[in-house]
Amino acid sequence: MNIVIRKLIAKELYVNRWFIAGGAFSGAASVLIATLGKGGFNIGALTWLTTIIATGVMMALYGIMNERKEHALQFVLSLPLSIAGYVRAKMIGLTASFLVVWAVSCAAALLLVFVKDSVPDGLAVYLVLLCVFMLANFAVVLCGAMQARTEALNSAVIVVTNMGVSIFMFTVGPLPGIQKNMWAATPVWNSTFWTVLGCELAVMVLAFTLPFLLAARRRDFL
Amino acid sequence: MYSGINISQTDARPMYLQILEQIRARVAAGDWPPGRELPSIRALAAALNVSVITIKRAYLDLENEGVIVTRHGKGSFVADVNGLAGELQDARLEAHLTEVATLGRQLGLSEEDLAARLRRALKDLDKK
Amino acid sequence: MNGKHIEMHGVRKNYRFFTLDDLNLELEPGQILGFVGPNGAGKSTTLRLVMGMIAPDAGEIRVLGHAIPAEQAIAKRDVGFVSADMRLLPHATLGWHMQFMKSIYPEWDGGYATTLVKRFNLRPEQNARSLSLGEHVKASLLLALARRPRLLILDEPTTGLDPVARHEVISEFMDVLRDERRSILFSSHNTVDVERISDSITFIDRGRIVESSNKEDFLDRWRRIQVQLPPGAMLPELPNIVGRVTDGQFVTLTTNQYSEGMRALVGPHVRDIQRMTLEEIFVANVMHHREARGQ
Chain U
1 MNIVIRKLIA KELYVNRWFI AGGAFSGAAS VLIATLGKGG FNIGALTWLT TIIATGVMMA
61 LYGIMNERKE HALQFVLSLP LSIAGYVRAK MIGLTASFLV VWAVSCAAAL LLVFVKDSVP
121 DGLAVYLVLL CVFMLANFAV VLCGAMQART EALNSAVIVV TNMGVSIFMF TVGPLPGIQK
181 NMWAATPVWN STFWTVLGCE LAVMVLAFTL PFLLAARRRD FL
Chain B
1 MYSGINISQT DARPMYLQIL EQIRARVAAG DWPPGRELPS IRALAAALNV SVITIKRAYL
61 DLENEGVIVT RHGKGSFVAD VNGLAGELQD ARLEAHLTEV ATLGRQLGLS EEDLAARLRR
121 ALKDLDKK
Chain W
1 MNGKHIEMHG VRKNYRFFTL DDLNLELEPG QILGFVGPNG AGKSTTLRLV MGMIAPDAGE
61 IRVLGHAIPA EQAIAKRDVG FVSADMRLLP HATLGWHMQF MKSIYPEWDG GYATTLVKRF
121 NLRPEQNARS LSLGEHVKAS LLLALARRPR LLILDEPTTG LDPVARHEVI SEFMDVLRDE
181 RRSILFSSHN TVDVERISDS ITFIDRGRIV ESSNKEDFLD RWRRIQVQLP PGAMLPELPN
241 IVGRVTDGQF VTLTTNQYSE GMRALVGPHV RDIQRMTLEE IFVANVMHHR EARGQ
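Just so you know, the protein sequences line up as chains U, B and W, in that order.
Everything in the first sequence is counted per the working numbering, starting at 1 for the first residue and increasing by one.
Everything in the second sequence is counted per the working numbering, starting at 1 for the first residue and increasing by one.
Everything in the third sequence is counted per the working numbering, starting at 1 for the first residue and increasing by one.
Honestly, the hints are just simulated from the structure, not real lab data.
Everything numeric in this text was worked out from a predicted model, so none of it was measured.
Possibly wrong hints are sitting among the right ones.
Claimed, not checked - Simulated restraints on C-beta separations: (1) W:270 with B:101: 16 to 26 Å; (2) B:40 with W:28: 11 to 21 Å; (3) B:75 with W:110: 26 to 36 Å.
C-beta: ideal position from N, C-alpha, C; glycine also.
The shape of chain U in the complex, shown without the other chains:
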């Protein structure tokens, strides 16, 4: 990977440093709050969800749209790289930024499930699906932001993906294969789990690759 792209990825992480730090902290803190009784669990779970989703959306949108709006895009495009190179740097940089928050938050949550006795280990199955879902969600938002040329389209992407979380909870949760074993003492990695996981990964891979096929091939970037 050439130096320009590497430097742009580093720039992305630098520019997002407060988002990353804040998001990671918030995610971990939410898990801590979730340890404080039933009320704490609900609050903690909610803030945990909000942290990850909000951070992802903000990074994807802010990271792409703002550069455009603030006319900084010309500065970046004047560097020795191609449009495809720019897309690559953006995708990797923003994904890396999000991954920190996501990894810290999900690891903390999984730790909670396995370490705390009051939380049944069976929940880990649902949690894993939820975590991967949010990563796929981020990929879709990022893909949309990369493609969208107008703010309106961008807003549409945000709305749809936000709905997605609710849809996930209302469809995947009640799935018999999942519901049955959610509060089990040990995790049950059954076929339902693998199918849902497969779907999520497929969407994620598609969303991550689409920009390289579409946006990167775009001949006009301004």
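On the provided structure of chain U, position chains B and W as indicated by the hints.
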């Protein structure tokens, strides 16, 4: 060295001509003696904030007039011709005399009138 | 490498309400090319095409010998680009940007950068967000100049600059040209600057190149001829008259192919023959071409 040369963009005369005349004046005055190296075209362009093409044109005309000589690869030099300064001054005098004659005619002055005016001017000069 | 720094042949770019067509442009090393045109003529679009930020619908573009946009990543190693509507990355300081450029471009001249910071009256600790328009332009120019690129492409580089800053900036441009292997393409409204420092000039209007020539040639060829015609007198048929304004006895002719012989051709009624500033040439040229195209 070249900060004394000035281009006025409000002057009606073209920029290359202003440069040419100022260089010629320095040679005529003896400030730039024969054999002295001129600044390179690009160096003068950068010093005066004037396009290279304008300086090139001035140098070319100066060379055609015989005021400077350009040696390929070495630069441009004030022509090492004896009495060049004097020659240039003489050319200036001729130009002025032609103007005086023309104006004199336009004003309807006779030869004697003009000669008297010239004598008076010389006397005024001696007084100073 | 003795090839041209920029070559554009037959370039076309279609937009819904505007078409850039039949664009031909060449820039030799060691030259400054002034690109002049009214607002909306297509100057910025042309420069973005050269930088590969947008792709042409027809025609060829080569920069420093590389095909654009295909090889733009390679070409841009040695090209500096500044646009008046360009901004630095928000939330980062000028100093950060200087470090950033230094890490990407091995030719970065730190000493020169420091000199320019002082000369342009900037401070490295300044956040990009807090820069005024003029400061932004100067900062962008600094970042481009300190790399000492072979080719500089500048879109209205004196926007927002006070006269002192403009003088400093123009001096830096002329310093670039001390090296005959470097060149500059700049677009500007400021015809005074263009007239002074350009080696060649290209006029553009409504998406089309109106005329391209070297500067001295433009200034030599264009004249205003003031004539006073007493009653009953007529002007002879004159070639290459692109403008004619009559005010009673007084006629002002504009010609774009002046030669000494014209004075005699016009006849005894000539009052004055005046050179034209680049601004006047530009306006007359554009008007003439709009008329010729029935606009």
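How the hints compare with the structure:
The hint said 16 to 26 Å for the Cβ distance between residue 270 (chain W) and residue 101 (chain B), and at roughly 22 Å that hint holds. Checked against the given bound of 11 to 21 Å, the beta carbons of residue 40 (chain B) and residue 28 (chain W), roughly 18 Å apart, stay inside it. At roughly 32 Å, the beta-carbon separation of residue 75 (chain B) and residue 110 (chain W) lies within the given 26 to 36 Å, and the hint holds.
Going through the hint list in order, the structure satisfies each hint without exception.
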